[in-house]
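Student: Single-letter residue listing:
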Amino acid sequence: MKVEFELNGEVKEFDVDSGEILLDLLRDEGCKSVKRGCETGDCGACMVLVDGRAMTSCTLFAAQADGKEVRTVEGLEDELAEQLKESLLEAGAVQCGFCIPGVLISAYSLLSRNEEPTKGEIKAALDGNLCRCTGYVKQIEAIKETADSIGGSSNGQK
Amino acid sequence: MLKNLKEYHYPGSLDEALSLSDRESRSFFIAGGTALALSDSSRPVELIDVSRLGLDELELDKENGKLTIGATTKIQKVVENKSVQSVLGGFLSESLEEIGSYPVRNAGTLGGSLVRPFPWSDVVPILSVLETEITYYHKGDEKTRELSKLYESDFRGTLNRSIIEGVSISLPEGLNTAAKFKKFSRSEFDVAALNLACKLSVEGNNISEARLSIGARPMIGERVTDLEDNLVGEKLTEKVAEDAAVFAADAADLGGDNKLSKEYRKQLVKKMAEEALMDIKKEVANES
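Protein chains in written order, with my numbering: chain G, 18 to 175; chain Z, 2 to 289.
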């Protein structure tokens, strides 16, 4: 069957099997930031933005993306995304790195809707991402740092 | 992976969706897809996507005291809705936020949680303690049932080849009402090993209406109606809460599974019911 959706800013048509999972399609399309982890919606390694909302692509059929806008880390190139990437690296939040694309998507989704999240809100936003290396401390710090930086620049305090 | 899946349909109307369903007995409706995408069942050969039928409206009608939520509304959208956050001191939005994780709630729909609820469903006890009616479309007719009664009957049979259109919640009017939800699970976003919702209305000093529903017993959520009847007319004191919790633990139909033993569930019900009642006592005291 044919499905059509916007992938990282480009509208494309895809020939998919009816039961094909979005994760598989995205990886076949070269979006290797979308990791194959648990495949049960628990680990968040395959997280993508669907119409701006963070979702696990292992629990969605490719057909469900028809008519929607899907973004992976490959398509995140704006100031917020760049700042997040930088903060994650600077904070030492990246160790083995497997979970990081998913963490980045969750953090981007959070900061897109909430410029000044509390620590609790950051933790809640990451509750769908499993990281076995860092214990989340550095990731939470990096997201807070990005929020302060972006918020600071938007109100002229940077 | 659904190995035998051959077709995926996007019907444009309820009638078209039902006719596709009638044509193929091994077809399944899909909205959020979170359960079906994880399934390795060999049964489904066709999926019928109902997410484009305009069933995602959410409206609070303050004049008539009704909150209506369309079946394909994402659970996280319900959680974030300002009108929903104003209902019963935030009970509905805060309780629904206990479901899964943020990405799961972004994908999962309210109707999807109701049409084939898992035994550990949080949605069933949460909505059962509210005055919730469920509307579904079956063979060309729109039908409405009280939600808690539906799940006490053969809901699978009733909802088979039906499309849930949404729920309508009657909001308590002019009463001092509060509700609480308690959940026990192995981690923040794991499914419930036990869940409990309770709502009380108080007039003067006495309870005028009570509802308490327990889910993941390990069976699907069910109201403890004997307890509800006993509570009406009582003054909500610590002693009444304590006795009611013991009664709930004895009266609830509980069982054991690989998560918890029956006895552990019984002790948890006692604890969770007492906590819920005491939380409600505090809230109604603050409101009066």
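Source of the hints: derived by calculation from the structure; they are not laboratory data.
Predicted model only: the values in this text are computed from it and were never measured.
One or more hints might be untrue.
[What the hints assert, rightly or not] With a cut-off of at most 27 Å between alpha-carbon atoms, the simulated DSS-like pairs for lysine-lysine come out as follows:
hint, chain 1, residue 1, chain 2, residue 2
1, Z, 267, G, 52
2, Z, 7, G, 161
3, Z, 78, G, 140
4, G, 19, G, 52
5, Z, 83, G, 19
6, Z, 7, G, 19
7, G, 85, Z, 240
8, G, 19, G, 155
9, G, 85, Z, 267
10, G, 136, Z, 267
11, Z, 240, Z, 267
Student: Evaluate each hint against the coordinates.
Tutor: Each hint, compared with the structure:
1. Z/267 x G/52: Violated. Residue 267 of chain Z to residue 52 of chain G sits at ~41 Å, over the 27 Å cutoff.
2. Z/7 x G/161: 46 Å, violated
3. Z/78 x G/140: 19 Å, holds
4. G/19 x G/52: Distance ~24 Å between residue 19 of chain G and residue 52 of chain G Cα, so the pair holds.
5. Z/83 x G/19: 38 Å, violated
6. Z/7 x G/19: Roughly 13 Å between the alpha carbons, so the hint for residue 7 of chain Z and residue 19 of chain G holds.
7. G/85 x Z/240: 55 Å, violated
8. G/19 x G/155: 42 Å, violated
9. G/85 x Z/267: Cα-Cα ~46 Å, so violated.
10. G/136 x Z/267: Roughly 36 Å separates the two Cα atoms, so the pair is violated.
11. Z/240 x Z/267: 19 Å, holds
Of the numbered hints stated above, those contradicted by the structure are hints 1, 2, 5, 7, 8, 9, 10, listed in ascending order.
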